[in-house]
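Chain by chain, the residues run as shown.
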Amino acid sequence: MSEATLPAIVVYDIAALLFQFLNSFGFIILATVGLAIIFGMMGVINLAHGEFILIGVYGTALTYHAGLPLPVAMGAGVVVTTVFGVVVERTIVRHFYDRLLDSMVATWGLALVISQLLLIVFGSSLDSIGTPLGNVSYGPFSSSIYRSVLLPAVALLVLAGLYVLFTRTEFGIKARATIEDPETARAMGIDTDRMYVATFAIGSALAGLTGALYAPALGSITPNRGSTFLVEAFVAVVVGGPSVILGTLSASGLLSVFNAGGSFFFGTFIGQMLLLLVAIVALRFLPDGITGYVDDWRQRRRAEE
Amino acid sequence: MSGRTFSRRSLLASSATALGISVAGCSIGGGSNSGPTVGILEDRSGNFQLNGTSKWQATRLALEEINDDGGLLGEEIEIVDPDPQSDNSRYQELTEKLILQDQVDALWAGYSSATREAIRPIINENEQLYFYTTQYEGGVCDNTIFPVGATARQQLGIVTPYLADEFGDDIYIIAADYNFGQLSGDWVNVLAQENDYNIVGEEYIPLDETDFSSVINRIQDEDPDFIMSMLVGSNHENFYDQRATNEITDIPIGTSTTLAQGHEHIRYDPPALTNVYAGVSYMEEFGDQRDGENIVEDFYERWPDANYLNQEAQNNYFSVYLWAEAVEEAGTFDQQEVISVLEEGRDISAPSGELTLDGATHHMEHEMRVAVCDENHEISFTNNERIGPSFLRSEVEGGDGCNLKEQDKTTQYVPSDVYDV
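Taken in sequence, the protein lines are chains A and B. The numbering used here applies: residue 1 is where the first sequence begins, and numbers increase by one. The numbering used here applies: residue 1 is where the second sequence begins, and numbers increase by one.
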């Protein structure tokens, strides 16, 4: 290796690391955001979140294989998951608001039912959808444009959209008021029941969007793939803490740095282990998550002033 | 099992099972039937459902064919086949139930090596006649276990030299991070030592991993002549889609797992599986080598919604007939007597060809082939070779081999027992 080529190789390595970070970052945000809304705003831990995403995957794959263009099929996946979420909220979840452990057991049971139903109805596997958009090549390496560029960009747009929705619109103010103090919100004329349904529907739609976006990047589509998303989502929600948008963003960034770095330098196994180790260390020192710590720090500072 | 002695451990195991079953609310009434009973534990849900379902279907097909022909020794075979759901704890519970409560006369169980190892102590404790049919890493020398699938020495032994001759000898190994993958990786290292190949990279990947971008970057960095892949399960299949997206399908892949088990060439759009070369004993495309028989037609007639008749399903199918022939010859379902007949060695006509059971090792001499997947995902076969279980027969124990006819063993030999890996 000549000295002249060394900087180019270093640049390629840095680019490969950056693309892997973006790949991991996009995945964790998209896997997490629906779970974070339902948990952060409604106090329900939806352990069927992975299966909600899977419904988005199935909705997309089935309509795509039926002949619809991929973007339209993705829309169908989101709609199916949203409708499913509303039905589940009205029939099951509404009985478990602010009953954390009960909601975990109920939704875990729901997850088992969904994956078994998918198995019974659609069989053990659906035909896969090839990942679109090809790759970007640099030096000896290449990275998928869809996974490493498009999906992280969509993930950031989703977070920006949610920020606008919950802070800049009347619906957002009503929804947050409902979550903060439902009785006062009702006294102010807000239809809190409708707000709960709407918030759960948004969480479900985001799960459906994640499923739709990953349907062409998931490879084999089988009824047990929901767990692929749930572990990372669960870890990111707990590490992120109560604030939906900042929590998701900060936890995804932190976890992705260690996941991508570990995978790039030491292999996939170490990348996974590092992600979980960081989560353990973060929870040891930040029991309320990153945003919980930030809130606590702000309050202490205000008190000192 | 007739003539089974009840040790303290088996009594404890039986009590624990009865307690477990009663706690779980399962029916324990009724007890065992008087006729022959066969147990099937194959995954119809969970991570291995895709491969396990066709194993279950083929086992049922063979047993139902035997029943339709009048049964065995004039008796109809009863089938007990709960779904173990790719869960090793459930496998252990169900294995105990099938042995102790249903008193099965023979058991077909398990896809992964981790599952086999999870239930092997229970099989050994109860001296249960057990057919393990998945192709696997090899080395199990066990009194009552018949691992009739091809071993790594047979599968990797045919495909690795073929690829090295065709494309060059720099090899990158990727494999699932559990006993099967680790030992298969050791076998590729053994083949590399024997033939002076270069291992330029080696990575073992957790079973739940679906993102292979870092693996692909490392492969691109090392630029091997070919990849040896022993990835396992539906999560790992994503590697092939990402391989196509990253346009590295020009790097050939040798494998002992892909194509023949999960029919990836059918489920994935071309060109994801282009240039994949699998060392196999059977694939559905191979048809039926027996005169006047067509297992593929029979299989889909019985199971119209089936996905694929995979290599393991064929192993289940012929091993049911292997067992039935031994039962007929023994004139009894007594498991020790059936094992004694099997240990005499047998030739059997299977859909994959004329096979031989090696009585001393309980393993098969298989007709091995290299299955080649082209850019349209069409399968062709090349390099037909009959390969015996040489590792157990002539390499272990200082070259004396494992001989279950003469000595009791419940051992799994690994490559490092013989080679410096």
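Misleading hints may appear alongside valid ones.
[Claimed, not checked] Reference excerpt, derived from the structure (chain A facing chain B, CB under 10 Å, subset only):
(1) D13
(2) F27
(3) T91
(4) L126
(5) L133
(6) F166
(7) T169
(8) T228
(9) S250
[Claimed, not checked] Using C-beta positions, here's what the derived DEER-type ranges look like:
(10) A/T91 / B/T382: 22 to 30 Å
(11) B/Y178 / A/A160: 36 to 44 Å
(12) B/V200 / A/Y138: 43 to 51 Å
Source of the hints: derived by calculation from the structure; they are not laboratory data. Beta carbons are placed, not taken as given, at the ideal position from N, Cα and C, and that holds for glycine.
Here's how the hints hold up against the structure:
1. D13: Status holds, d = 9 Å.
2. F27: holds (7 Å)
3. T91: Interface hint status for A/T91: violated (24 Å vs cutoff 10 Å).
4. L126: holds (8 Å)
5. L133: holds (8 Å)
6. F166: violated (30 Å)
7. T169: violated (35 Å)
8. T228: holds (5 Å)
9. S250: violated (21 Å)
10. A/T91 / B/T382: 22 to 30 Å: violated (57 Å)
11. B/Y178 / A/A160: 36 to 44 Å: holds (42 Å)
12. B/V200 / A/Y138: 43 to 51 Å: violated (21 Å)
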